[in-house]
Amino acid sequence: AQSVTQPDIHITVSEGASLELRCNYSYGATPYLFWYVQSPGQGLQLLLKYFSGDTLVQGIKGFEAEFKRSQSSFNLRKPSVHWSDAAEYFCAVDGVMNTGFQKLVFGTGTRLLVSP
Amino acid sequence: EAGVTQFPSHSVIEKGQTVTLRCDPISGHDNLYWYRRVMGKEIKFLLHFVKESKQDESGMPNNRFLAERTGGTYSTLKVQPAELEDSGVYFCASSQGGLAGPSSYNEQFFGPGTRLTVL
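Protein chains in written order, with the numbering used here: chain A, 149 to 264; chain X, 1253 to 1371.
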């Protein structure tokens, strides 16, 4: 069965500092990988996704993620964090290749706090 | 264009009562999903509609949960009778129709969720 692990429940980063959120997945084939963000009172917003090809993917709001097959990882990065980035971040995998239909499997989320 | 909307935003009920959550997907989206997040845990898939038909309901916890999608538009998720362990945030998402593949993956757009508290 597919699973996603986000080992960090909370992370605090100073504004302007770099950020890396960790994500490891378990899946038998090449998965579709996603990062979502949830700001307070908002729904989950897709930051970026990886299907195939270039292992470094760019997303919205200045985020990027790197797929590393050998490590089963898909870590999210941002070079310089802004106070508005404070939110909860979810990594997800989708095994759609099996069924043709989507079925996202999420990690437990990482809450990002940004200090002045 | 309006996004996915959910009603109510919060619901507090007593154990044994019934609650109905509603989701209005983005207009024209054939796919509608329900997910749930129990506090401190991951967001878990509950079920998937394609238009008015249930494509996959493998994530529904038990028969106290009933989901419907009238006419392939809005969807409701009824919990009857509610138990303490049903507390959590219920998310709805929708995406355009068609099978998904590398060149045709349809992004799921999520609503803000309904926070359900069962006392």
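Hints in this document: simulated from the structure, not taken from any laboratory.
Among the hints, erroneous ones may be present.
Here are the computed lysine-lysine pairs in the BS3-like style, where the Cα-Cα straight-line distance is at most 30 Å [what the hints assert, rightly or not]:
#	chain 1	residue 1	chain 2	residue 2
1	X	K1306	A	K209
2	X	K1303	X	K1330
3	X	K1267	A	K197
4	X	K1306	A	K251
5	A	K251	X	K1330
6	X	K1303	A	K197
7	A	K216	X	K1303
8	A	K216	X	K1293
9	X	K1296	X	K1330
10	A	K216	A	K197
11	A	K216	X	K1296
List of violated hint numbers, smallest to largest: 1, 3 and 7
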